Amino acid sequence: MIRGRAWKFGDDVNTDVIMPGKYLAMRNPELIAPYIMEGIDPDFGKKARPGDIIVAGKNFGCGSSRETAPGGLKAFGIGAVIAPTFARIFLRNAVNIGLPVLECPAAAGIREGDLVAVDVASGRITDETTGAIYHAAPFPPFLQELIAAGGLVNYARKRLGLA
Amino acid sequence: MGLTITEKILASHAGKAAVEPGEFIIARPDMVMGNDLSTAGAIGVLKQMGATKVFDPEKVVIVFDHLVPAKDIQAADLLKGVRQWVREQGIALFYDEGRHGIAHIILPEQGLALPGDLIIGGDSHSCTYGAVGAFSTGVGHTDLAGVLALGEIWLKVPASIKFTYHGTLGPWIMGKDLILATIGKIGIDGALYQAMEFRGPALATLGMSERLTMCNMAIEAGGKSGIIVPDGMTLAYVKERARRPWTVYQSDPDARYVAEYDFEITGMRPQVAKPFSPDNVVSVDEVAGTPLDQVFIGSCTNAKLEDLRIAARILRGKKAHAGTRLIVIPASTWIWNQALKEGLLEIFAEAGAAVSTPTCGACFGGHMGILGAGEVCLSTSNRNFVGRMGHPTAQSYLANPAVAAASAIKGCIAAPEEVGA
Ligand code: SF4
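Sequence order for the protein chains is V and F. According to numbering that gives the first Met the number 0, the stretch in the first sequence is residues 0 to 162, in order. According to numbering that gives the first Met the number 0, the stretch in the second sequence is residues 0 to 420, in order.
Hints may be right or wrong, so weigh each one.
Subject to a maximum C-alpha distance of 27 Å in a straight line, what follows is the list of computed DSSO-like cross-link-like pairs (lysine-lysine) [stated by the list, open to error]:
| hint | chain 1 | residue 1 | chain 2 | residue 2 |
| --- | --- | --- | --- | --- |
| 1 | F | K46 | F | K58 |
| 2 | F | K161 | F | K58 |
| 3 | V | K45 | V | K7 |
| 4 | F | K273 | F | K161 |
| 5 | V | K157 | F | K155 |
| 6 | F | K273 | F | K184 |
| 7 | F | K58 | F | K15 |
| 8 | F | K273 | F | K409 |
| 9 | V | K157 | F | K15 |
| 10 | V | K21 | V | K45 |
| 11 | F | K52 | F | K79 |
| 12 | F | K317 | F | K409 |
| 13 | V | K157 | F | K46 |
| 14 | V | K21 | F | K79 |
| 15 | F | K155 | V | K21 |
| 16 | F | K155 | F | K15 |
| 17 | F | K155 | F | K184 |
| 18 | F | K70 | V | K21 |
| 19 | V | K46 | V | K21 |
| 20 | F | K79 | F | K58 |
| 21 | V | K157 | F | K58 |
| 22 | V | K7 | V | K21 |
| 23 | F | K273 | F | K318 |
| 24 | F | K161 | F | K15 |
| 25 | V | K157 | F | K52 |
| 26 | V | K7 | F | K273 |
| 27 | F | K340 | F | K317 |
| 28 | F | K340 | F | K318 |
| 29 | F | K409 | F | K318 |
| 30 | F | K161 | V | K21 |
Simulated from the structure, these hints should not be mistaken for laboratory data. Predicted model, so just to flag it, every value in this text is computed and none were measured.
Just chain V, with the same shape it has in the complex:
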C-alpha cells in the first residue's frame, strides 16, 4: 500500500517540464531527482516528500522518450502517478522501471493536499481525507505479468534464461 499527500497538476504535463533537457546528460537518477517538475513548479522538489502522489490531468508524460522523467519521479520517491490517460512512451517507461501509474478519470475529485492511499495490485485509490474511493482501470493481463515480474529488467533476465 502506497500512502502520501496528493499534488495536483493539469492536462498534458510533458516530459520537458517533468525533467528539463539540460539535465539529460546526468545519468544518475539520484542527481536529477531534486529537479522533478521544475518546469511547472521550480520548488516542487523542496515541497514534496517521498511517498507523495501526483494526481494529474489527461495525457501525462507527453513529449520526449526520456526515461529521466519517470526515472526522476521514481528516484525522488513519488509513490504513484494517477491520471485519466498517460502518453504511451511514458506509460511503457513507467511500467518497465516500476513506477506505479494508474489510469483513473474519476480520481480528478482528489484535492491537493489530501491524504491518498493506493493499492497498486487492485487499483483501489482511497482519498483518506474525504473518504472517497476510486477504482483505476486494471492493466491488461500482459502488462500485469510484466509488472509482477518486477519490470522489464527481470522479464528480460527470465527470457535470457538468467533468472
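Chain V is fixed; fit chain F with the ligand onto it per the hints.
Only chain F with the ligand this time, still in chain V's reference frame:
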C-alpha cells in the same frame, strides 16, 4: 475484414496472418536505433539484465545526435562510453562524429529504414520512418535495452486513424503546415496510442522530405506511429539507398479506422504553433509582427536538404535582421556537405547566420542556441513546451523553413511574401 498497412506490418513481424487493434504481440524488428542518450541509458540496463551481446549487431544502428560534438565533460564521457561499447559489440552501423547527424534523418537517408520494416528507436521521434512505409515507434532506454538483448519487443497493436488531404498546395506551403494544421485540429493527445495514416491526392504530390516532416510530428498528436503507404515517390527514394530487400504493404479498401479526418488545403496559409504547445496552431497572419530574438532552422523536423534549399531561396542576397540571431543546423553530415556544394551554407553565412555542424543542439535546449529569460524564438523544430529550448520564461513558435527565413530577415514573425518571396 481488411487490414491497414500498420496491422499487416505488425502481423508479419509477429509471425501471424492477422492482428487486431488492442491485441498484445511480441514482434521482431528489422532495425533497432539508439542515439547517444538512449544508448548510454540502455548500456546500463543491459548490464542489469545480464545481457552481454546485442541480439544481432547488423540490425542495430547507433547515431550520435543530441550531445555531439561533446558539449561538456559529462557529454564527452558519455559519448566515450558509448563508442567503446559499440566497438565491443561489433556494431558497424555507427554514425560517430564526422558521419553523424540526427538519427531520424540518417536512417531514411542511408537506406536503413525501408518499406514494410518494423523499426524500434530509442527516441520519441522514431515515428519519422513511417514516411517510407515502415511501422516505427519510439521507446525509452529500458525498452531499448530489452529489444537489444532479446531481439523482440511487446507491442499493443494500435487502431489506425485516417487523415486524407485534398486540394493543391499553395506557394510556401509544406508538409510542416499540413501536420501543424492536423495537430491543431485533433490536439496533442488526439491520436493517443494510435497509428496516424496520412493519404490523399494532395499528399501524393508531396516529396519525401515533406512526408518525413509529417510522420516526424505524429508523436506531437500522441500517436504511436505515423505512416504513409509507399507509392512511386517512395520507391524511387528507397531504390537508390536500400542495402537489403523490402516489402510494400497497402491498406485494404475495407480496412478499419477508428476515425477519419479530411483536410482541404487549397488556399491554406502557412501555419504557426504558438507557445507553449504544438497544438496551439494559428495562421501565420495572426502572429505576424511578433518580435523575435532568435530564429532556429534545424532539428529532425525541418533541416533536410530540401528545407535548407527553401530557406536559402528566401535568404539569398539578404541579411538577417540586426536584432535577431539566426542559427542554421543541417540535420546530417551528408546534408551539410551537399549544402556546402550547392552554395547554401554560403548564402546562410552571408545572411549573418551562425551555421553549425549537425546536432540536435538548440532543439531540446541542450546547446548551440539556448534561450535566455523572456527571449522569443521561431523554430522549425517540433516542440515548444515550457523550457524546451532554455529558460522556462522563453517562448518558441514553430513554423516551416520558409516562414523561418522570412522572419529572420524581418526580425519578427513574417509570411514569405512579406520579404518579396
Ligand atoms: S532534433 Fe530535436 S526532436 Fe529531433 S531527435 Fe533531436 S532533440 Fe529530438
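- Any hints from earlier that this structure breaks? Give me their numbers in increasing order, please. The structure breaks hints 2, 15, 30; every other hint is satisfied.
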